[in-house]
Structure formats: C-alpha cells, structure tokens
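J.: Residue-level listing of the chains:
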Amino acid sequence: MNPTLLVVAALIFPALWGWFVYWQFERLRPRRPTGASTAPPPVESGGFIDFQI
Amino acid sequence: MSPELIQFFILVPIGFAIGAFGTLVGAGGGSLLVPVLLLMMPHESPATLTSISLAVVFFNAYSGTVAYMRMGRIDYRAGMLFTAAGVPGAILGVLLVHLVPRALFDPLFGILLLAMGIWLTSDPLGRSLTQSPADADGESHSLLGSIGSAYIALLSSLLGIGGGIIHVPFLIRGLKMSPHAATATSHFVLTFMALTATITHILLGEFHEGINTTLMLAVGVMMGAPLGAALSSKIGGSLIVRSLAFALSLVGLRLIWRMF
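Top to bottom, those sequences are chains A and B. Just so you know, we're using my numbering here: the first sequence kicks off at 17 and counts up by one. Just so you know, we're using my numbering here: the second sequence kicks off at 221 and counts up by one.
Worth flagging that the hints you see were computed from the coordinates, not collected in a lab. Keep in mind that the hints are not guaranteed to be accurate.
[To be verified] Which chain B residues stay away from chain A? Per the calculated CB distances, all over 10 Å, these:
id: 1; residue: GLU264
id: 2; residue: GLY368
id: 3; residue: LYS454
[Said to hold, decoys possible] Straight line, CA to CA, 25 Å or less: simulated SDA-like cross-link-like pairs of lysine to any residue:
id: 4; chain 1: B; residue 1: LYS396; chain 2: A; residue 2: VAL24
id: 5; chain 1: B; residue 1: LYS396; chain 2: A; residue 2: ARG45
id: 6; chain 1: B; residue 1: LYS396; chain 2: B; residue 2: LEU259
id: 7; chain 1: B; residue 1: LYS396; chain 2: A; residue 2: ALA25
id: 8; chain 1: B; residue 1: LYS454; chain 2: B; residue 2: SER222
id: 9; chain 1: B; residue 1: LYS396; chain 2: A; residue 2: GLN40
id: 10; chain 1: B; residue 1: LYS396; chain 2: A; residue 2: LEU44
id: 11; chain 1: B; residue 1: LYS396; chain 2: A; residue 2: GLU42
id: 12; chain 1: B; residue 1: LYS396; chain 2: A; residue 2: VAL23
[To be verified] Not the full set, but computed from the structure, chain A residues with beta-carbon under 10 Å of chain B:
id: 13; residue: LEU22
id: 14; residue: VAL23
id: 15; residue: PHE29
id: 16; residue: ALA31
id: 17; residue: TRP33
id: 18; residue: TRP35
id: 19; residue: VAL37
id: 20; residue: TYR38
id: 21; residue: TRP39
id: 22; residue: PHE41
id: 23; residue: ARG43
The C-beta atom is built at its ideal place from N, Cα and C for all residues, glycine as well.
In isolation and in its complexed conformation, chain A is listed as follows (with noise of 0.2 Å):
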C-alpha cells in the first residue's frame, strides 16, 4: 500500500467518516412531529376535581 497515501487518509479520513457517522446518527434519532404539544393531555369528562374545599 501506498505509505503516502494512507498518510493523506489518516489526516483527512477520520474527519470525514466521523461527521458522516454523526449525520447519519442524527437522521436515524426519533424526533417529535412538528406542531406536537408538550402539553398533557385534556381530562376527559368525569374527571371533575372540585379544587374551592
């Protein structure tokens, strides 16, 4: 193999591998659907809590 080349690879190589390794992790990571909310879920009728005691 060429020892200037695998020189050249191990200088740039990494850098590119390791920034494609993370933007494939970041497309492959669960996200929220858009317009979610964060908010919990309404009560349902019934669940009246009288809170003037």
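The hints should help you fit chain B onto chain A, whose structure is shown.
T.: For chain B alone, coordinates are given in the frame of chain A:
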C-alpha cells in the same frame, strides 16, 4: 516447575492488576501493559507487542463493559456513535504502525501524555457537568465526539494502547461528561476498537507469536476488571481522574525515557 507454569504465575497477577486499575480509570490497560511487555520481551517486534496488548485490552474492556452494563452507567447512544466513528481509524492505525518511525513518534507522544497528566492533576474535575452528549447543546458535542473518537481510535491503534487513556479525558473535558459515565462509555467503545485492531493484526499475521502470552494475561485481566468496576462506584470522580492523570504521566515518562 515447567517454564509455561512459571510464566502463568507471573502473567496472571500482572493481568489482574492491569485489569483492575485499567477498568477503574476507564482505560483498557494497554497503556500500562505495553511498558510491561517491552521489559519482559525485549526481542519481540513492536507489531507483536502491540497485537498482544490490544488483544488483552479487548478481554479487559469486554469484562469491564459487562460490569458497567449491569450498573447502568453506559451512555449507549454516545457509545454507539463513537464506536461507529472509530472503527475505520482503528484499522488505519494498525496499517500505519509499519510506516511511522517509533523512535520519533514515541517521545513526542510521551510529551503530549505527560502534559495531559499534569493538566488533569492540577484540576481533576475542571468545569465538567454531569450530562450526556445527547443533552442540551448535544448536536455540537456529538459532532465533536464523533470526529474526536475517529482520530483517537487511529492514534491509539497506532500506539497499541487501546485508547481509553486518551478517550476518557476527551469525554470529561471536551464533551462535559461525568467521570463515572465517561469511564463506562469509554470502556464500551474500547471493546469494539480493540477487537477491530486485533482482527486487523490477525489478518496481517502478526498475532500468532503472542497467543499464549495473551491468553495468560487475559485470565488475570478478566478477573481484575470486575474488581476495578466495583471499586469505581466506591471511589469519587476526582480520585478516578487523579488515577488517570498518574497513569498518563507514567506512560508519558516511559515514552520519553525510551528516547535516551
């Protein structure tokens, strides 16, 4: 007593000590093992010694990782990202070891390790926060971690030291991980890095001379690694970093000493 048995009774305790301390500081123990192998086998080639070291690092890292998995300390997302980033670097490092003159590279790297050891001793925890790279500002941390892990894998494979001794300070200082999470995650990454480098050494035909030595050291290492993992939960983060700094300085001095 046969020479093999004498060798067994010497190598198993050495492996035990390296396994316990290596797991405690989140390193695979290769940085401590390489100097020991250099003293014990003065006539072996650096390629054979690094292949033995990396194979032992694999057994130690595997054993330590299982212990850390049970403790639930590994950041798996970060660990998988850094592993995927580091595998090609580990292969390149083994290929490069035949090209780089060790007589020049070793002392330079020794100075780097010594400086890192002194820096960590002066301020063990620095401004590190207890968080994962996937937390707030996680994108820049993950990118830095991914690229950094790729270069660390290459450098550590080139030196035959596994890489935990460089990876742990990088995770603590660069990515602001807690020392306990950093040591466990580094061990997880190290398992795959050392395995990749060992397979590359086997394919290049550099491993067959050291199989017996590797297996004897591996027995000790696999007994010592769970002890190191158990000790790590009883010892504070500051002491772990100080232990790592001591190990870094020791390796640095050893590499500089080889120059003379």
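J.: Each hint should be assessed against the structure and marked as holding or not.
T.: Now for the hints, and whether the structure bears them out:
No Cβ of chain A approaches the Cβ of GLU264(B) within 10 Å, the least distance being about 24 Å, so the stated non-interface status holds. Distance check on GLY368(B): its Cβ comes as close as 7 Å (rounded) to a Cβ of chain A, failing to clear the 10 Å threshold; non-interface status is violated. In this structure LYS454(B) is separated from chain A by more than 10 Å, as the shortest Cβ-Cβ distance comes to about 34 Å. Under the criterion of a C-alpha separation no larger than 25 Å, the hint pairing LYS396(B) with VAL24(A) is inconsistent with the structure, at around 31 Å.
Using a Cα cut-off of 25 Å, the hinted pair LYS396(B) and ARG45(A) holds, with the two alpha carbons roughly 21 Å apart. At roughly 37 Å between alpha-carbon atoms, LYS396(B) and LEU259(B) are farther apart than 25 Å, so this suggested pair is violated. Pair hint LYS396(B) plus ALA25(A) does not hold up; C-alpha atoms about 29 Å apart against a cutoff of 25 Å. For the proposed pair LYS454(B) and SER222(B), the alpha carbon gap of about 40 Å is over 25 Å, so the pair is violated.
Only pairs whose Cα atoms come within 25 Å are accepted, and LYS396(B) paired with GLN40(A) is accepted, the gap being roughly 23 Å. For the proposed pair LYS396(B) and LEU44(A), the alpha carbon gap of about 24 Å is at most 25 Å, so the pair holds. A hinted pair counts as satisfied when its Cα atoms are at most 25 Å apart, and LYS396(B) with GLU42(A) qualifies at roughly 20 Å. For the given pair, LYS396(B) sits about 31 Å from VAL23(A) by alpha-carbon distance, which is inconsistent with the 25 Å threshold.
Evaluation of the LEU22(A) hint against chain B yields a held restraint, the C-beta minimum of about 6 Å falling below 10 Å. Given hint, VAL23(A) at the interface with chain B, holds; its Cβ is 7 Å from that chain's nearest Cβ, closer than 10 Å. Among the interface hints, the one on PHE29(A) holds; its C-beta lies about 7 Å from the nearest C-beta in chain B, closer than the 10 Å criterion. Among the interface hints, the one on ALA31(A) holds; its C-beta lies about 5 Å from the nearest C-beta in chain B, closer than the 10 Å criterion.
Hint status for TRP33(A) relative to chain B: holds, with the closest Cβ pair at about 5 Å, below 10 Å. Annotation: TRP35(A) was flagged as interfacial toward chain B, and the flag holds, the nearest CB pair being 6 Å apart, inside 10 Å. For VAL37(A), the shortest C-beta to C-beta distance to chain B is roughly 4 Å, which falls under 10 Å, so the interface hint holds. The beta carbon of TYR38(A) comes within 4 Å of a beta carbon in chain B, closer than 10 Å, and the hint placing it at the interface holds.
Interface hint status for TRP39(A): upheld, as the beta-carbon distance to the closest one in chain B is roughly 9 Å, under 10 Å. Satisfaction of the interface hint for PHE41(A) is found here, the shortest Cβ-Cβ separation to chain B being roughly 5 Å, below the 10 Å cut-off. Because the beta carbon of ARG43(A) sits about 12 Å from the nearest beta carbon in chain B, more than 10 Å, this interface hint is broken.
Hints 2, 4, 6, 7, 8, 12 and 23, counting from the list given before, are not met by this structure.
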